[in-house]
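Given next are the chains, with one letter for each unit.
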Amino acid sequence: KAGVTQTPRYLIKTRGQQVTLSCSPISGHRSVSWYQQTPGQGLQFLFEYFSETQRNKGNFPGRFSGRQFSNSRSEMNVSTLELGDSALYLCASSSGGTGAHRETQYFGPGTRLLVL
Amino acid sequence: GQQVMQIPQYQHVQEGEDFTTYCNSSTTLSNIQWYKQRPGGHPVFLIQLVKSGEVKKQKRLTFQFGEAKKNSSLHITATQTTDVGTYFCAGRTNAGKSTFGDGTTLTVKP
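As they're listed, the protein sequences go chains Z and P.
Quick note, the first sequence lines up with residues 698 to 813 if you use this note's numbering.
Quick note, the second sequence lines up with residues 1245 to 1354 if you use this note's numbering.
In case anyone wonders, no lab produced these hints; they're calculated from the structure.
Incorrect hints may have been included.
Unchecked claim - Okay, derived cross-link-like pairs now, DSS-like style, lysine-lysine, Cα gap no bigger than 25 Å in a straight line:
| hint | chain 1 | residue 1 | chain 2 | residue 2 |
| --- | --- | --- | --- | --- |
| 1 | Z | Lys-754 | P | Lys-1341 |
| 2 | P | Lys-1295 | P | Lys-1314 |
| 3 | P | Lys-1353 | P | Lys-1295 |
| 4 | P | Lys-1353 | P | Lys-1314 |
| 5 | P | Lys-1303 | P | Lys-1280 |
| 6 | P | Lys-1301 | P | Lys-1314 |
| 7 | P | Lys-1341 | P | Lys-1303 |
| 8 | P | Lys-1314 | Z | Lys-754 |
| 9 | Z | Lys-754 | P | Lys-1280 |
Isolated chain Z, as found in the complex:
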């Protein structure tokens, strides 16, 4: 099986612009989660999508949004970029189990975003 793919791998934007990142999960996986990783803040949960519905949401401002398509591919969008949005954005896919037997999350290589 192919792994989780993320595009683009690197991105440079300026303040005030918006950006859309894409994630293709492992075939058959229905859950996609997004994380922001920065040296100072570690891995911060953004949101999780399952079957095109947002199932969980982290504590990020409304500038951060996402969606999931019927083929489970997911996009996240950040509007009005700020310098502090520079980070590695990781998506992780899983089959989507809930409860105690949470399925393994498989991470993609990430998109490294630099906001100037």
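Dock chain P against the given chain Z, drawing on the hints supplied.
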């Protein structure tokens, strides 16, 4: 909200020494997962613990889940240079929300 504290933040060891990282959650967890991220890489799943008091081993790695399902530890026996990286725990509540610890970065001196 749920918080997951992980200590230490950094650990430098001589090759052959043991290493332990600890995770503590502010709330009872449904399960806890451990991940390893090599420098420049992305987190890779290591293991999931579900049951109270559970202990699992993977070669030189031993994972424990506390009786109260609020803390966990990862212990590496006789570290090797291939063990370098950042180890994260991720606690998941019954509500389905996953919170990662800040990670412990391990460096191993040959």
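Hints versus structure:
1. Z:Lys-754 / P:Lys-1341: 8 Å, holds
2. P:Lys-1295 / P:Lys-1314: 11 Å, holds
3. P:Lys-1353 / P:Lys-1295: This hinted pair is violated, its Cα atoms lying about 35 Å apart.
4. P:Lys-1353 / P:Lys-1314: 32 Å, violated
5. P:Lys-1303 / P:Lys-1280: 15 Å, holds
6. P:Lys-1301 / P:Lys-1314: Distance of about 19 Å is within 25 Å: holds.
7. P:Lys-1341 / P:Lys-1303: 30 Å, violated
8. P:Lys-1314 / Z:Lys-754: 22 Å, holds
9. Z:Lys-754 / P:Lys-1280: 24 Å, holds
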